[in-house]
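Please put together the full structure from these sequences, using the hints given.
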Amino acid sequence: MRLNPIFLKDEISSARSFTLPVLVTLVNGSLSILVLMNLFFISRSARITGEISYVNFLRIYYIAAAAEVLLILLITPALTSASVSGERDRKTLGLLLTTQLDPWDIVTGKLMGALSTLLLLVFTSMPILATVYIYGGITWYQLFLFIFFLVTSSVFCSSIGIMVSSFFTTTAAATAVAYVMIFVSYTVMFMAVIFRDQLGIPENRIIPGIFIAFWAMSLFLLYISKRHITPHRRRKLREG
Amino acid sequence: MISLENVKKSYGHVNALDGLTMHIEDGAMYGFVGPTGAGKTTAIQMVCGLEFPDEGSVMVDDMEAGSNVRRLKRRIGYVPDHTGSYPNLRIIEYMDFFAECYDMRDQKTKRRIQNLLNMVGLQERQTQFMDSLNRGAQQKLSLARALIHDPKILILDEPTAGLDPNTRFEFRQMIANLADSGKTILISSNVLNEISELCTDIGIIDQGNMVMEGKIEDVLDQVNASNPIIISIAGSLGPALQALRADRMVRSVSIRNNDLLITFSGSKKDESNLLKKLVEAGVPVRGFHREKGNLESLFLQLTGTREERRVTYYEAESDFSEG
Ligand SMILES: Nc1ncnc2c1ncn2[C@@H]1O[C@H](COP(=O)(O)OP(=O)(O)OP(=O)(O)O)[C@@H](O)[C@H]1O
Ligand SMILES: [Mg+2]
Chain F
1 MRLNPIFLKD EISSARSFTL PVLVTLVNGS LSILVLMNLF FISRSARITG EISYVNFLRI
61 YYIAAAAEVL LILLITPALT SASVSGERDR KTLGLLLTTQ LDPWDIVTGK LMGALSTLLL
121 LVFTSMPILA TVYIYGGITW YQLFLFIFFL VTSSVFCSSI GIMVSSFFTT TAAATAVAYV
181 MIFVSYTVMF MAVIFRDQLG IPENRIIPGI FIAFWAMSLF LLYISKRHIT PHRRRKLREG
Chain X
1 MISLENVKKS YGHVNALDGL TMHIEDGAMY GFVGPTGAGK TTAIQMVCGL EFPDEGSVMV
61 DDMEAGSNVR RLKRRIGYVP DHTGSYPNLR IIEYMDFFAE CYDMRDQKTK RRIQNLLNMV
121 GLQERQTQFM DSLNRGAQQK LSLARALIHD PKILILDEPT AGLDPNTRFE FRQMIANLAD
181 SGKTILISSN VLNEISELCT DIGIIDQGNM VMEGKIEDVL DQVNASNPII ISIAGSLGPA
241 LQALRADRMV RSVSIRNNDL LITFSGSKKD ESNLLKKLVE AGVPVRGFHR EKGNLESLFL
301 QLTGTREERR VTYYEAESDF SEG
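Quick note, the sequences are listed as chains F and X, same order. Heads up: the first sequence begins at 1 in our numbering, then just goes up one per residue. Heads up: the second sequence begins at 1 in our numbering, then just goes up one per residue.
Treat each hint with caution, since some may be false.
[Said to hold, decoys possible] Derived lysine-lysine pairs resembling BS3-like cross-links, with alpha carbons at most 27 Å apart:
#: 1; chain 1: X; residue 1: LYS268; chain 2: X; residue 2: LYS215
#: 2; chain 1: F; residue 1: LYS226; chain 2: F; residue 2: LYS91
#: 3; chain 1: X; residue 1: LYS152; chain 2: X; residue 2: LYS183
#: 4; chain 1: X; residue 1: LYS269; chain 2: X; residue 2: LYS215
#: 5; chain 1: X; residue 1: LYS215; chain 2: X; residue 2: LYS183
#: 6; chain 1: X; residue 1: LYS110; chain 2: X; residue 2: LYS183
#: 7; chain 1: F; residue 1: LYS91; chain 2: X; residue 2: LYS152
#: 8; chain 1: X; residue 1: LYS8; chain 2: X; residue 2: LYS269
#: 9; chain 1: X; residue 1: LYS152; chain 2: X; residue 2: LYS110
#: 10; chain 1: F; residue 1: LYS91; chain 2: X; residue 2: LYS110
#: 11; chain 1: X; residue 1: LYS8; chain 2: F; residue 2: LYS91
#: 12; chain 1: X; residue 1: LYS183; chain 2: F; residue 2: LYS91
These are computed hints drawn from the structure, not numbers from a lab.
So this is what it looks like as structure tokens:
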């Protein structure tokens, strides 16, 4: 199989930096602390009152899950908003475009690079979140839904990061715009969930609807990034 | 064959190219010269398909530049003005990466990469990281990289700018060898003398326009025609001045190191007639020849910067009467 050259190259580079070990330690470390602290308090109160609060276990799950989503939303722009602009800064974007590499390969290579990091975070944190299984309370379906939502969010946020980094020349501006776009998108999503009844969305449509919307937007964002980095004829502006 | 026809391109209010026309024959070693900001890089990027003209056409062989034809990309190797580098890749990884960008990953490619690194003198250093390379080594690597897919056309944008004289010489040598191997080469510079010995063809660009283009011999001939004739005389200059003043085609006379320098507007035949006249007038002529073409002064003339003349001009009537 032919692996994307951009992806391979970026993997070599990132293996030489501290980013990945630091990220894994921070994300899994903070999730662990959250879960362990909760377990600790529950078992302490159990020792004192002799009552184990299963509701609290579920609460850990929700808190940890929310924390993980939040971490993905925060980390992804930092991972991706220099992806294309970095190539431009190093003057390598032009070089890549003169090779037989398709501009689409550049975009997907950058996406794969971001996902390799994000999915590593998602899957290595699963055992921590799975502590909630000790006492039951969530279904396989919910767990699957959650993982799929994390994967979807990783793809979506990476696509936003790649898109802004192909449009903006400075990484700072790109990062800022990426955060704003992510904030707006997820706010809209929550609004749709909360005001589902008022909006007249049937209950069984809301989850597939959200996933379809995120994936469609991801594809669209990647497509416009690809279009933007491909050298093209400037459209004539009409005079007057 | 690369041809640009009446190409215009503006960035905001700046006309980077203002009707540029340019032709590069197959197998030519084309020197593309112009002062800073003349539009060289813009034109080169168009040939490489990285920019598109607002008006006019850019063709490479039978294909429009920038059309996404794989055959076209395979044909062009590009050494940009700023070496694009990945500081934390090793030299050999950099080469492998670009080979993969051309879908080349077999054993033959590995050998080719070694040969190229050997050619530019970086084979021993291939496991070094790119951020340890100085500008000279980066440019050499950039050249090796541009040749990975064995392109028919090699385009170099001011490759020797910022290099020390030694590296500059080595680099020129490599390019000369590549030209001998039959590649079409386009090399830009803002110093004409630097590339004039290498080139078979020359194009001089100024403010987005081609001001002179052609085979180097033709350009040199034109340069020569605008240069003064130097007449060396044994003895006093008086009689010579008299004879020269009488000739209508002599535009001006000046003195340099006891030689007479005249600007002369006649043909080669007229030149020989003038010499005959001088000899017949009894002037002891010791030497009579056109000053060798100085491309640099032509370049400076064409591109607007007047060269300071080292000769002092005299009005023939006033100062030489006592001679
Ligand atoms: N991306 C751009 N945006 C705005 N102006 C540009 C851009 N690229 C080039 N220009 C302008 O177009 C003109 C031609 O630039 P170009 O880089 O082609 O010149 P050059 O001959 O390569 O000069 P140099 O010897 O400095 O490399 C310059 O005035 C430059 O300022
Ligand atoms: Mg330039």
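| task | Hint by hint, work out which the structure violates, then give me just those numbers in ascending order. | result | As far as the earlier hints go, only 8 is violated by this structure.
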